[in-house]
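Peer 1: Given next are the chains, with one letter for each unit.
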Amino acid sequence: LSRGDIDERLREEQQAVKVRVDGERCQGHTLCKMIAPDSFELDDIDGTSSPVSEVIPADQEDLVREAVHSCPEQAISIEETP
Amino acid sequence: VTSTDDNKTRYHFDRHTPEYRSQFEKITQEMHRRCPVAWTDTYDGHWVAAGSKEVFELARCPAVSNHHDLTGQTPFTGITIPTAKRSSGVRGGMLEMDDPEHRTYRNVLNPYLSPAAVKRWEPFIDETVRACLDEKIKTGRIDFVDDLANIVPAVLTLAMLGIPLKKWAIYSEPTHASVYTPEDSPDIERVLAMHREMGLDLLNTMVDIRENPRPGLMNALLQMTIDDAPAPDLEILGMLGLIIGGGFDTTTALTAHSLEWLSEHPDQREILSAKRDTLLDPATEEFLRFFTPAPGDGRTFSENVEVEGMQFKYGERLWISWAMANRDPAVFHDPYELIMDRKGNRHFSFGIGVHRCIGSNVARTVFKSMLTVVLDRMPDFRCDPEGAVHYETIGVIQGMRHLPATFTPGPRLGAGLDETLDNLQRICDEQELARPITERKEAAVIH
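Protein chains in written order, with our numbering: chain A, 200 to 281; chain B, 2 to 448.
No lab work stands behind these hints, which were simulated from the structure alone.
Be careful, since some hints might not be right.
[Unchecked claim] Listed next, the in silico DSS-like pairs over lysine-lysine satisfying Cα-Cα at most 25 Å (straight line):
| # | chain 1 | residue 1 | chain 2 | residue 2 |
| --- | --- | --- | --- | --- |
| 1 | A | Lys232 | B | Lys27 |
| 2 | B | Lys442 | A | Lys232 |
| 3 | B | Lys314 | B | Lys9 |
| 4 | B | Lys167 | A | Lys217 |
| 5 | B | Lys344 | A | Lys232 |
| 6 | A | Lys232 | B | Lys276 |
| 7 | B | Lys344 | B | Lys369 |
| 8 | A | Lys232 | B | Lys120 |
Let's have the full structure, built from the sequences with the hints guiding it.
Peer 2: Dropping the structure here:
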């Protein structure tokens, strides 16, 4: 890895959009999984949601944003580093 | 809308009148514009929450209680306004409990009703739907309520409970009829008699399963312990009533309204059928929003509290309107339009907070199965507006009693309903389908 590559990766990491599901708020409505099936997984026993990974892949960003808007409990948040 | 000395914004609200159904849009618009929360003097006086923000906050407020005190010593009278005469003596299961008690019961049900648990039932549901349609497919006539939407949710609910499938009719009619029959109706005695027969069968089944355990929700409730003691029989009965009441009428209501709408909008029906891979999920959520089968729930304030700038007092009753919150333009653009691919559809139809409808995954799965099979096998169905019978009042469930339709006849694909239910009963027993997801992961195999 060249210095430039490392800088590039650091920048990507810093710019990454992160998603979080508040476990206290989530009640298992499952809309997030319906909208962004690759970005959320549901608990087998009670259906509550958690992100597949904290950092959202670029190609999933729109769907995850749609899941945020669609959550009846407003339990999903996105953290962006400018 | 009037304001008085006690600073309560007042609005006359009576959701049990036929006018509430016919004037729903006007009432909703008026409340959203002028009083998203208001006090009404009807039914000994209670608050009504119509705005989405207020509904959201109140439904999640720790000072808002679901509890139903059967002794009548406290103001807590559960989720119905007014308190139903029929309900005296039994609480409405965990929907009339607060945490931590509610959570204890909910945890018992979760592994039977989670998305993963319900997915295992899909082949069973599809087979039941197939048989219902085969009963009618050659005639070119069907009543979507009587011949389909009343049957499938009832059969599945009984299967999950561990009650013999062939008894579905004993459970189905009184469950629907007791919702749409007013307590002063001349038909009420007949409905109550059917209800008693169902209650008796439920009690007998409880005794049977207690002596000879077999998998299912009823067994789970009988086996559960609270502080090392079994759950009280009356609470178990309340839970069973909740599962049956919640499992039957609501999905029927959603299906009937959606099919009626699709019949009135054949262009939309074609789009839904053609693009179902991507459209079925959002359209289902939109049907849920638009028709809100369970239009609201009652609550009681358990302390003096301020929410969204309004003062509420201990003991005051509250009606939380999911149906009106679902029309709030602050959350839903063009709220009075049914838009099948609506985005950001954070609807309130399964409730908000810890009491989120525990059967929501069942409702969606059963609805989608019924809808897609109708689209496949009766693509040109036409509902008869003359024969459609909506519930006269929608204070409890926004339902339909009948929805006759005609379509181009087609061939049968398999056995009729009775024979199919016998076969499905065997499959249920052999494969122990009613076990929780913690004990059985595999989907049902129909053969």
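Peer 1: Which numbered conditions among the earlier hints are violated in the structure presented, ordered from lowest to highest?
Peer 2: Violated hints: 1, 4; rest satisfied.
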